[in-house]
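Asks: Work the whole structure out from these sequences, hints included.
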Amino acid sequence: MTTRAFYAYPVEPAHVAATIENALSRISERFGAPPIESWKETEIAGRFIADQILAKIGAAPLLFADITQLNFNVVYEVGFALAKGKRVVLTRHRATAATVPALQDVGIFDTLGYEEYENAEQLIAILMTARELTPSIHSTHALNRVTPVYLMQARFRTDPITRIVSRVKKARLFFRSFDPTETPRLSVSEAVENVAQSYGVLLHLLPERISDAAVHNIQAAFLAGLAEGYEKIHLLLQDGDEPVPLDYRELVHVIKHPTHIDEAIAGFATSVTAALQEEVKYDIAPNTLLEKLTFGASAAENEYRDLAQYYLETDQFKRALHGDVRLVVGRKGSGKTAIFMQVRDKVRRERTNVVLDLRPDGFQLIKFKEAVLKFLGPGALEHTITAFWEYLLLLEICHKLLDDDRIAHTRDRSLYEPYRKLADTYEEDRYVREGDFSERLGGLLQSFTDAYRLKFKSEPPDTLTQEQITELLYRHDVVGLTENVVEYLRFKRELWLLFDNIDKGWPTHGLTPQDLAIVRALLEATRKVERQVRRRNVNCHTLVFLRNDVFELLMNETPDRGKEGRVALDWSDPDLLRELLRRRLIYSGGLPDGDFYELWRHVFVSHIDGEESSQYLIDRCLMRPRALIDIANHCRAFAINLRHKNIEADDIQKAVQAYSSDLVVDIGYEIRDVLPTAEHVLYAFINEPQVLSTGEVVRILGTAGIEPAEVPNIIETMLWYGLLGVNRPDGSVVHIYDVNYDMPILRGMIRKFDAQGISYRVNPAFISGLQMRQAES
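For the sequence shown, my numbering gives the first residue as 6, with consecutive numbering after it.
The hints are simulated quantities; they were obtained by calculation from the structure and are not laboratory data.
For clarity, every value in this text was computed on a predicted model and none was experimentally measured.
Virtual Cβ for every residue (Gly too), placed ideally from N, Cα, C.
Zero decoy hints are in this set.
Straight-line alpha carbon distances no greater than 25 Å define the calculated DSS-like cross-link-like pairs of lysine-lysine that follow:
#: 1; residue 1: K174; residue 2: K261
#: 2; residue 1: K405; residue 2: K174
#: 3; residue 1: K426; residue 2: K533
#: 4; residue 1: K337; residue 2: K323
#: 5; residue 1: K175; residue 2: K261
#: 6; residue 1: K374; residue 2: K462
#: 7; residue 1: K509; residue 2: K405
#: 8; residue 1: K175; residue 2: K351
#: 9; residue 1: K497; residue 2: K405
Quick list of the computed label-pair ranges, beta carbon to beta carbon:
#: 10; residue 1: D482; residue 2: T264; range: 29 to 37 Å
#: 11; residue 1: Q314; residue 2: H612; range: 28 to 36 Å
#: 12; residue 1: T475; residue 2: N542; range: 23 to 31 Å
#: 13; residue 1: D429; residue 2: H685; range: 55 to 63 Å
#: 14; residue 1: T708; residue 2: R35; range: 42 to 50 Å
#: 15; residue 1: T264; residue 2: E529; range: 35 to 43 Å
#: 16; residue 1: T264; residue 2: R35; range: 52 to 60 Å
Replies: What follows is the structure in structure tokens.
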């Protein structure tokens, strides 16, 4: 072996480090000089060791990296090497037990692939046969001037996280984000695409006391390495003195007070803005159709500037836009946020419309529920939370009016007096004006909570009187504020109240009566606002976006079930999903408008394993647009990295396998929310057949430690997510999306077929991730 390479590995576990050092020493003896250097040779007293390591990686065409136990240093160096166009070969000691964070929870590395070894001799064989030097990834993404910043969010929206997002918005930095509440695992293709096209990358390291910090920080380390390798402006915030090791201490900006966040982001914003103003030349331009096209982002938040160009206006969207409904109901990944954004953008084109696009953080409502609401009886609970929502809506409408007409009122004499009157009333309490909506919501919730605890620290009451609610909640002359707001709305055409994310982060099928009361009270509060505004002949519309399970439980506890008009985002037509892809192909790839199959075959192989390739992908996306876009992007990434002109069958198979692994982890988190003891139950299906009888499912769940009493709940949960489908006697399979997500129909079908020996079929989307034995079609 003559190739000069660098080997990055952690000092722990000690036996793994010793094995690697033994292998490198024996290779060095064999060649007389070290063809593979390690970080041991870079230790220079008084020097910042990270600079030396990165310089060595930059000079070598090949990086070996051991991921037996993930740590910040090695993961950062892998990201750096990939961005620098290096060949990266990952190794893992097979005999070492997995540690936290696990590879399957992080993502990234199982997608890249890795070689396993048990001893120095096996490792030498791996190192000696690594001769391929083409870059492991290939990126041709042009810089994104529309959304120039890439931001990593956290699973739990703690106060520092909320403040970071708020400061970025206040700096008017439009951003894309990786949100682990939507996609727990970080894929290499998503990370590379987003970092490569960014002007700035903003990351935040969590202290070890925060749940999920281990996974989050490893993902952040990888993104930070990419940002360094691509030479992006990047800011790595650290909440306190840990967890970054001393080797990389100069990379982070330590925050010990909220104002430190403001200062750091202010400097970051200035640098990004300056970079945007510079003339940019691209070193590499896309030169193939595959490199030019993109299927867009699977999360609508990350493509909101382009989404209107190819958005598929379904009947559900049109009904929402016309104000025919108050609720938009759908599953995760079904397109709720896309409708939210498209309705918002279309409605506010009319300058005399007032549009409140509110996206509260679910964790704030959970904290409020645990601190106050759980102590109240049902009657007081509904009354209290309705008053809260009504007050919050009033404040936000007022805030929006003052912000929209900040300049206009100085030029329009008819607006000037009403505007000043409204401003004087609103600004009685400066506290509510700080930050963005999330911060204002958090401040109002905290104010109410503090006042409640102070007043009732010894014996919380079962109910609150109107006077007590007024004393605890209101910081304004509410009657005067209401009158001024409604009076000012006479100068406007329509008022739209859009609520998304209210149930984000809430456990699926594990909702409490307090959770449902929060939603029910919001709907009641919006009705009150609508009545007040319409009395002044101003049209008012409300759209609240909810998960299917929240809506079902809400209706079960609502006497007047038909009171709320709603549309359901039930994707059951494969041709609609094809149209979604067709529009994206035309927009990004420069293809002429035409028939889907004609365009598809310009990019994709026509068949895979005897199946038409678009149907093959649709059958593995659980009929969710987000999942289909994710799989398509995986296909493209594999094809580009392997220098394929078009997406071939092998690229599709690798993409489905990568997506399947993501899906297993994602659904595992959802099941954990329902039954914490069943977090890893899906892994019990590894190497099992795809078609299973009821008895076989029960047996498998038993091996996973599921108590017999919980087995029906687990089976129903797996049916709900589409993991399992019901086999009909004629051989066809029925999944939850085939019955419009109506569980009673699926239950009835199971009861009817039970006498004939019911069997279940695992959805093909999970086959690769669980390494199951696939049934013949």
